[in-house]
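2 protein chains.
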Amino acid sequence: MFIKYLIYYYSMIVTPWEVSGEIDYDKLIKKFGTERIDKKLLDRIENIAGEVHPFLKRGLFFSHRDLKWIIDEYDKGNKFFLYTGRGPSGDTHLGHLISWILTKWFQDKFGAKLYFQLTDDEKFLVKDNLTLEQTNKFAHENALDVIALGFDPKKTTIIIDTEYSKVLYKEALKVAKKITFSTVKAIFGFTNESNIGKIFFASFQIVPCFLESIKQKKNVPCLIPCGIDQDPYFRLARDVLPKLGYYKPAEIHSKFISGLGGGGKMSASIPSSTIFTTDSPNEVKTKINKTLTGGRETVELQRKLGGETEKCVIYEYLYYLFENDDKLIEERKKNCKSGKILCGECKNYLTEKINKFLKDHQEKRLKAKLIVKEFMPDL
Amino acid sequence: MFIKYLIYYYSMIVTPWEVSGEIDYDKLIKKFGTERIDKKLLDRIENIAGEVHPFLKRGLFFSHRDLKWIIDEYDKGNKFFLYTGRGPSGDTHLGHLISWILTKWFQDKFGAKLYFQLTDDEKFLVKDNLTLEQTNKFAHENALDVIALGFDPKKTTIIIDTEYSKVLYKEALKVAKKITFSTVKAIFGFTNESNIGKIFFASFQIVPCFLESIKQKKNVPCLIPCGIDQDPYFRLARDVLPKLGYYKPAEIHSKFISGLGGGGKMSASIPSSTIFTTDSPNEVKTKINKTLTGGRETVELQRKLGGETEKCVIYEYLYYLFENDDKLIEERKKNCKSGKILCGECKNYLTEKINKFLKDHQEKRLKAKLIVKEFMPDL
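Each protein sequence line maps, in turn, to chains A and B.
Number 365 in numbering that gives the first Met the number 0 belongs to position 366 of the first sequence; there are no gaps in the numbering.
Number 182 in numbering that gives the first Met the number 0 belongs to position 183 of the second sequence; there are no gaps in the numbering.
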């Protein structure tokens with residue numbers, strides 16, 4: 000309730016279950032008490048990795064907790080591991096891939112192990128209309144999208160909560176013993192009418208923060224790339240873990256990518272506003288054609304005044320996700336603002352980019368079925 | 000809180016974690032809303048079993064929910080299964096064996112399967128001073144006492160919660176989704192400062208009520224022999240299970256056996272007041288010698304006035320647990336009340352009876368180590 004009302008007061012809602020309103024990321028940093036990812040940090044990352052991922056350079060990942068410490072430790076030879084995940088309430092869409100793609104980049108550049116958690120338990124507990132069998136099925140489908148991104152099977156463990164509960168439950172109990180109802184009430188806005196599974200669940204989401212420390216029998220730093228809406232879980236983890244003798248996990252937070260209708264984050268609950276990884280080229284074309292742009296009311300006006308890239312979802316997708324070339328994106332912006340190009344051209348360009356990405360992804364997704372077991376070893 | 004205060008008002012406390020004060024079992028039946036086990040029910044049991052166990056005949060088990068229904072279904076050919084358990088917070092003592100012995104009798108006489116749950120998770124969550132490693136170790140120790148009683152390995156599954164969590168967690172989630180914090184607050188007296196593990200735990204204790212129904216893929220009646228202090232869990236189970244499509248579990252409730260110091264139930268937290276299954280003959284002798292009796296202040300007074308069996312813990316143990324012969328117990332009572340025998344004699348008699356039982360039990364307990372795995376199959 001606390002955070003929800005606080006954020007609502009500033010006319011935006013950001014909780015693990017709801018993101019809506021006009022998001023002011025500067026205010027979010029202030030309210031959540033996180034830090035902005037600055038040039039100095041990016042330079043240090045570039046020094047190690049030899050490059051900076053576009054998601055970092057263009058500010059799609061904008062906020063962090065303890066990222067400086069993660070790099071300090073790395074420089075000292077104390078390597079971190081990665082942890083991210085997904086609540087499997089439906090098919091995977093482009094919005095989900097953001098954290099996963101950056102996680103993959105960190106794995107490649109820093110040689111980091113990854114625990115990827117699929118919380119079929121959580122989605123069953125919070126969604127009235129979903130059965131556990133359904134969320135578990137979604138978890139298995141989502142896992143194929145994770146694998147399709149090319150994670151190293153030797154360094155990656157995909158955890159489906161109900162299937163790994165023999166390991167997770169024991170550790171979750173230790174976490175749960177340190178958390179009161181008052182605390183989760185304040186952080187997640189639970190009420191007396193919340194179900195007791197939902198109340199307990201945070202314990203399960205916290206466990207992967209120290210799974211690698213258990214495995215290595217020593218404290219291993221953990222870096223969590225995630226949407227900033229997931230921060231409440233890990234803020235809680237940062238409170239609890241030192242009490243169990245583990246490091247606080249570090250986090251790196253992304254902005255939300257808009258739904259094709261604009262406003263709020265891309266959400267599977269509005270399929271027409273969402274690009275799923277399983278969409279056909281025609282579906283993508285149709286969805287993109289209907290997308291909200293920064294175009295003017297008439298062609299004449301647009302030729303005269305130019306488009307408004309800052310209001311354009313097509314431009315947002317190109318800028319953050321599909322046009323990595325700095326020169327080309329600059330040029331496109333200029334040509335839009337000068338009225339030289341119209342919305343149809345950008346829509347076609349983005350459709351081509353997305354369909355090229357999806358064709359490749361869908362092929363890899365099919366192949367993923369053959370190697371899925373390698374990613375789910377006994378713990 | 001609700002129950003705790005209600006019961007406290009009548010100067011006794013009966014919750015799953017605390018039993019104290021002078022227990023009035025008639026009031027408990029009224030307050031908990033259970034039914035007394037009457038002659039008619041006992042006759043029906045005798046008709047099937049060919050006998051009535053002394054614990055039933057002498058009223059150590061005095062209360063029930065739906066026992067009549069269990070027998071009705073049995074008569075129709077719809078066999079029930081048994082479920083009981085133990086919170087492993089220490090070594091096993093005589094008080095624990097009461098439900099287990101009656102459960103064994105039901106297994107023998109009615110050919111019933113048994114799920115025996117050892118809640119190492121619960122005891123870790125509710126006891127500040129115990130680690131999960133400790134409660135798990137106690138669970139394995141307690142399991143030996145269960146097996147020593149002679150349960151049929153083909154019909155008995157001993158479930159240690161943290162070790163069976165892959166099966167239990169999935170089902171517990173379905174239970175948890177149907178229970179709100181308000182409900183567990185009212186039933187167990189939780190507060191906002193209770194830890195979220197404790198709040199969730201009831202879900203785990205409810206699962207074995209329908210494990211056999213899952214296995215047989217049809218609804219199977221469940222009978223739970225337990226101390227009446229455990230009723231809140233199963234009252235909750237009776238509320239939830241129909242919502243998941245299962246029968247309400249039936250229960251049969253025992254009284255508490257007194258600690259050797261008298262008052263409240265035998266508890267491992269006062270070792271000198273408790274007979275553990277691992278006690279040596281000398282330890283038993285020492286403890287029994289110090290036990291509170293119904294004897295008078297001096298030998299002269301006792302010869303003159305006779306002892307008070309109704310206040311005597313030694314007599315209570317003989318009556319309920321160790322002197323099944325109706326004639327002999329009547330005779331002892333008469334001889335005590337007439338001043339013919341003194342406390343020393345009864346103490347020696349009980350010590351002998353207990354030590355004979357323990358000698359046999361301890362031998363079987365040693366052998367149990369060889370067959371423990373048969374009782375813990377994959378589910």
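Hints in this document: simulated from the structure, not taken from any laboratory.
Remember, it's a predicted structure, so these values are computed and weren't measured experimentally.
Misleading hints may appear alongside valid ones.
It does not matter which identical chain is used: a pair holds within one copy or between any two.
In silico DSSO-like links for lysine-lysine, alpha-carbon gap of 27 angstroms or less [as the list claims (entries may be wrong)]: (1) K352 - K78; (2) K303 - K216; (3) K136 - K169; (4) K214 - K169; (5) K38 - K214; (6) K346 - K169; (7) K26 - K289; (8) K136 - K242; (9) K326 - K29; (10) K165 - K368; (11) K254 - K332; (12) K30 - K284; (13) K303 - K242; (14) K247 - K126; (15) K214 - K346; (16) K216 - K136; (17) K126 - K289; (18) K217 - K26; (19) K336 - K358; (20) K165 - K216; (21) K216 - K126; (22) K336 - K368; (23) K153 - K165.
Hint by hint, here is what the structure shows:
Taking the shortest alpha-carbon separations for K352 and K78, neither the intra-copy value of 35 angstroms nor the inter-copy value of 64 angstroms comes in at or below 27 angstroms. Proximity of K303 to K216 under the C-alpha cut-off of 27 angstroms is found in neither arrangement, the shortest distances being 66 angstroms within a copy and 71 angstroms between copies. When the C-alpha separation of K136 and K169 is checked against a cutoff of 27 angstroms, the pair qualifies both within a copy, at 24 angstroms, and between copies, at 14 angstroms. In this assembly of identical chains, the alpha carbons of K214 and K169 lie at most 27 angstroms apart whether taken from the same copy (14 angstroms) or from different copies (25 angstroms).
In the homo-oligomer, the alpha carbons of K38 and K214 never lie at most 27 angstroms apart, since the shortest distance is 35 angstroms inside one protomer and 60 angstroms across protomers. Proximity of K346 to K169 under the C-alpha cut-off of 27 angstroms is found in neither arrangement, the shortest distances being 50 angstroms within a copy and 45 angstroms between copies. When the C-alpha separation of K26 and K289 is checked against a cutoff of 27 angstroms, the pair qualifies neither within a copy, at 31 angstroms, nor between copies, at 71 angstroms. Taking CA atoms no more than 27 angstroms apart as the test, K136 paired with K242 passes between copies only; the shortest distance there is 23 angstroms, against 35 angstroms inside one copy.
When the C-alpha separation of K326 and K29 is checked against a cutoff of 27 angstroms, the pair qualifies neither within a copy, at 33 angstroms, nor between copies, at 82 angstroms. Proximity of K165 and K368 under a CA criterion of 27 angstroms is satisfied in both settings, with 24 angstroms inside one chain copy and 24 angstroms between copies. In this assembly of identical chains, the alpha carbons of K254 and K332 lie at most 27 angstroms apart only when taken from the same copy (21 angstroms versus 81 angstroms across copies). Taking the closest pair of Cα atoms, K30 and K284 never come within 27 angstroms of each other, the shortest separation being 39 angstroms inside a single copy and 67 angstroms across copies.
In this assembly of identical chains, the alpha carbons of K303 and K242 never lie at most 27 angstroms apart, being 63 angstroms within a copy and 65 angstroms across copies at closest. Taking identical chains as interchangeable, the C-alpha atoms of K247 and K126 lie at most 27 angstroms apart only when they sit on different chains, with a minimum of 26 angstroms there against 30 angstroms within one chain. In this homomeric assembly, K214 and K346 never come within 27 angstroms of each other (Cα to Cα): the closest approach is 48 angstroms inside a single copy and 55 angstroms across copies. Taking the shortest Cα distances, K216 and K136 sit within 27 angstroms of each other only across copies (21 angstroms), while inside one copy they are farther apart (33 angstroms).
Proximity of K126 and K289 under a CA criterion of 27 angstroms is satisfied in neither setting, with 29 angstroms inside one chain copy and 59 angstroms between copies. When the C-alpha separation of K217 and K26 is checked against a cutoff of 27 angstroms, the pair qualifies neither within a copy, at 37 angstroms, nor between copies, at 56 angstroms. For a Cα distance limit of 27 angstroms, the shortest separation of K336 from K358 qualifies neither inside one copy, at 31 angstroms, nor across copies, at 93 angstroms. For the homomeric pair K165 and K216, the shortest alpha-carbon distances inside one copy (19 angstroms) and between copies (24 angstroms) are both at most 27 angstroms.
Within a single copy, K216 and K126 get their C-alpha atoms only as close as 37 angstroms, which misses the 27 angstroms cut-off; across copies the closest is 26 angstroms, which meets it. Neither within a single protomer nor between protomers do K336 and K368 lie at most 27 angstroms apart by alpha-carbon distance, with minima of 45 angstroms and 81 angstroms respectively. In this assembly of identical chains, K153 and K165 lie within 27 angstroms of each other by CA distance both inside one copy and across copies; the values are 22 angstroms within and 25 angstroms between.
Taken one by one, the earlier hints fail for this structure at numbers 1, 2, 5, 6, 7, 9, 12, 13, 15, 17, 18, 19 and 22, listed in ascending order.
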